[in-house]
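Produce the complete structure using the sequences and hints provided.
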Amino acid sequence: MSGTKPRLDHDHIRALLHGMIRIRRFEDKCAELYTQQKIRGFLHLYDGEEAIATGIIPVLRGQDRVVATYREHGHALARGVPMGEILAEMYGKAEGCARGRGGSMHLFSAAHNFHGGNAIVGGGLPMAVGLGLGDKMAGSDAVTTCFFGEGAVAEGEFHEALNLAALWNTPVLFVCENNGYAMGTALDLTESETSIAAKAQCYNITTETVDGMDVVAVEAAARRALKVMAETGKPYFLECKTYRFRPHSMFDAQLYRSKDEVAQWRAKGPIVRFQTWAEQNGLLHADDIAEIEAEVAAEIADAVRFSEAGTDEPIEDLARFVMAPDRPAAPRVPAAGKRITTTYREAVKSGIVDAMTRDDRVFLMGEDVGRYGGCYAVSKGLLDQFGPDRIRDTPLSESGFAGAGIGAAMAGMRPIVELMTVNFSLLALDQIMNTAATLRHMSGNQFGVPVVIRMATGAGKQLAAQHSHSLEGWYAHIPGLRVLAPATLEDARGMLWTALQDPDPVLIFENVMLYNVEGELAENAGAVDIDRAAVRAAGNDVTLITYGGSLPKVMQAAQALGQGGISCEVIDLRSLRPLDMPTILASVAKTHRAVIIDEGWKTGSLAAEIGMRLAEDAFFDLDAPLARVCSEEVPIPYAAHLEQAAIPQVGKIVEAVKQMMEAKP
0 MSGTKPRLDH DHIRALLHGM IRIRRFEDKC AELYTQQKIR GFLHLYDGEE AIATGIIPVL
60 RGQDRVVATY REHGHALARG VPMGEILAEM YGKAEGCARG RGGSMHLFSA AHNFHGGNAI
120 VGGGLPMAVG LGLGDKMAGS DAVTTCFFGE GAVAEGEFHE ALNLAALWNT PVLFVCENNG
180 YAMGTALDLT ESETSIAAKA QCYNITTETV DGMDVVAVEA AARRALKVMA ETGKPYFLEC
240 KTYRFRPHSM FDAQLYRSKD EVAQWRAKGP IVRFQTWAEQ NGLLHADDIA EIEAEVAAEI
300 ADAVRFSEAG TDEPIEDLAR FVMAPDRPAA PRVPAAGKRI TTTYREAVKS GIVDAMTRDD
360 RVFLMGEDVG RYGGCYAVSK GLLDQFGPDR IRDTPLSESG FAGAGIGAAM AGMRPIVELM
420 TVNFSLLALD QIMNTAATLR HMSGNQFGVP VVIRMATGAG KQLAAQHSHS LEGWYAHIPG
480 LRVLAPATLE DARGMLWTAL QDPDPVLIFE NVMLYNVEGE LAENAGAVDI DRAAVRAAGN
540 DVTLITYGGS LPKVMQAAQA LGQGGISCEV IDLRSLRPLD MPTILASVAK THRAVIIDEG
600 WKTGSLAAEI GMRLAEDAFF DLDAPLARVC SEEVPIPYAA HLEQAAIPQV GKIVEAVKQM
660 MEAKP
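In this text, residue positions in the sequence shown follow numbering that gives the first Met the number 0: the first is 0, and each later residue adds one.
There could be a bad hint or two in this list.
Claimed, not checked - In silico DSBU-like pairs for lysine-lysine, Cα to Cα no more than 30 Å straight-line:
no., residue 1, residue 2
1, K267, K198
2, K267, K240
3, K601, K657
4, K226, K240
What the hints assert, rightly or not - Just the calculated beta-carbon pair ranges, DEER-fashion:
no., residue 1, residue 2, range
5, H11, A323, 40 to 46 Å
6, A318, Q465, 32 to 38 Å
7, A318, A536, 33 to 39 Å
8, P502, L395, 26 to 32 Å
I should point out that these hints are in silico values taken from the structure, not numbers from a laboratory.
Since the structure is predicted, the reported quantities are computational estimates derived from the model, not experimental observations.
Just so you know, even glycine gets a beta-carbon here, dropped at the ideal spot from N, CA and C.
So this is what it looks like as structure tokens:
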């Protein structure tokens with residue numbers, strides 16, 4: 000059906016009513032199954048909002064993408080995801096559309112370009128911008144439609160996403176399903192400006208407010224929006240005013256609104272309103288309605304039978320799809336060529352240049368990476384070389400542009416997201432942990448997030464507590480991420496290309512104290528293997544385990560100890576998640592002692608994790624208690640002498656080893 004106006008012939012009127020009744024009856028059955036405890040967890044029903052999904056989603060093309068909310072059963076049904084697969088997912092069965100790993104709030108279907116529901120309020124907005132950006136950069140005319148509730152407008156991600164979409168002219172149709180209540184709080188109690196369309200207009204986005212209970216009005220608005228977007232390539236914002244008849248979730252006692260209020264809205268609900276109009280005008284008859292109801296009832300009965308007969312994923316497959324089952328082979332390391340003198344900073348830069356030259360899908364995005372040249376001057380000059388599309392300056396909105404990088408990666412691009420410093424990454428933690436790290440597993444391996452996120456970490460530059468964190472151990476705690484810490488020039492250059500080939504999200508932590516380190520690097524240096532730790536110095540008496548900015552200190556300590564007759568083997572972890580335990584265990588089996596040096600704080604540290612694994616797997620190889628040298632349990636101070644006292648230093652490492660060697664077995 001072309002044009003901007005719905006053609007209200009018999010078939011289309013029947014299809015609209017069928018779509019809404021199908022959603023309503025399915026959710027009625029879901030509510031019943033929930034009371035029988037066959038569906039568990041949270042269950043958010045779409046009852047009353049059916050006109051929005053039914054009016055918008057069927058107008059989209061197959062190549063267009065849909066990002067939904069946690070109230071997404073209606074969206075999934077309207078998009079064509081089979082009802083049986085949806086219900087089986089809600090049962091937690093292997094036959095579900097996400098193999099039972101997502102549940103009611105996380106429905107996925109790659110075959111339908113349905114990028115899932117999102118339990119985080121507003122969490123899908125930045126990803127939608129990234130999907131639109133990725134399609135635009137790839138030359139596709141696909142549109143991404145992003146659904147969210149009015150409660151999301153209070154989230155920073157709403158504002159960050161709209162600003163990015165308008166700034167970059169990304170083809171995203173934002174659809175706010177304004178049902179009046181963010182969980183149990185009315186809009187006028189949370190927002191000083193209750194016109195959501197007015198908020199969107201502040202970002203110079205074309206907006207329209209439509210009666211979300213009128214399916215024809217919704218479809219007409221969607222058609223207008225898509226026509227404008229096709230002509231301009233710009234985002235569009237639809238505010239659909241609607242009402243949910245049921246509780247926020249099935250746990251909700253609905254004490255915040257009266258039964259009379261709900262009854263008044265039900266009387267003008269989208270199904271009764273459209274069906275009454277169609278019957279009064281002779282466009283549908285009782286037989287048509289009965290036929291629709293019978294078709295829907297039969298489909299629901301089939302879906303229930305399919306789900307009841309569903310099978311459980313084997314417990315043996317619990318960890319399946321945390322990471323991609325198929326990963327590229329380790330890169331071929333070229334024979335060393337002529338060596339040149341350079342710096343860690345220039346090595347990182349040359350890795351970026353190499354990647355962008357080799358693959359047109361690679362682009363760099365982040366705060367001040369373009370005209371400024373990067374906070375640590377890593378990307379200086381790259382804007383002139385590659386242009387603003389591929390060296391993309393972002394606003395100061397870490398969650399927004401990290402989420403956009405995630406979406407662009409899902410759309411087939413290979414973004415390098417630069418977060419200026421590790422402390423700023425906490426503003427993007429939601430997107431990193433709840434989206435990038437979980438999507439493959441929650442979608443049952445339908446969607447991966449091959450994004451690379453770089454950030455500066457560490458202390459030593461007198462930047463005080465808020466700019467001196469070493470939080471890489473925190474990120475190493477999160478399943479679904481690969482965490483790297485390049486300590487040498489070879490790794491600074493070569494890890495990036497290998498990371499860009501990885502099908503899963505990779506975080507690269509570059510210690511600030513390494514950027515100015517000078518050394519030799521092969522002129523033809525290439526990709527490196529990111530799966531293996533490296534033995535940087537061989538020894539027999541004690542194993543020193545470290546990574547990143549602490550490696551130079553550990554090497555100095557090992558040299559000093561060697562002069563005193565203590566032979567140290569130095570292990571550079573390189574990868575913090577996953578840890579290369581075989582290399583560590585082999586070294587400890589030889590030296591029978593281990594000291595772990597970690598710039599993170601001692602409590603809950605990566606050093607504690609490594610120590611515990613050694614206690615579990617190498618206890619009988621040890622001739623002395625394990626030891627570790629970590630940062631002191633204080634926010635990093637500004638004063639130089641206090642800062643140096645707060646973080647691991649050569650002297651502390653030497654003293655820890657000597658104490659270990661003097662201890663009686």
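Hint check results:
no., hint, in the structure
1, K267 - K198, "holds, 27 Å"
2, K267 - K240, "holds, 13 Å"
3, K601 - K657, "holds, 20 Å"
4, K226 - K240, "holds, 22 Å"
5, H11 - A323: 40 to 46 Å, "holds, 42 Å"
6, A318 - Q465: 32 to 38 Å, "holds, 36 Å"
7, A318 - A536: 33 to 39 Å, "holds, 34 Å"
8, P502 - L395: 26 to 32 Å, "holds, 30 Å"
Going through the hint list in order, the structure satisfies each hint without exception.
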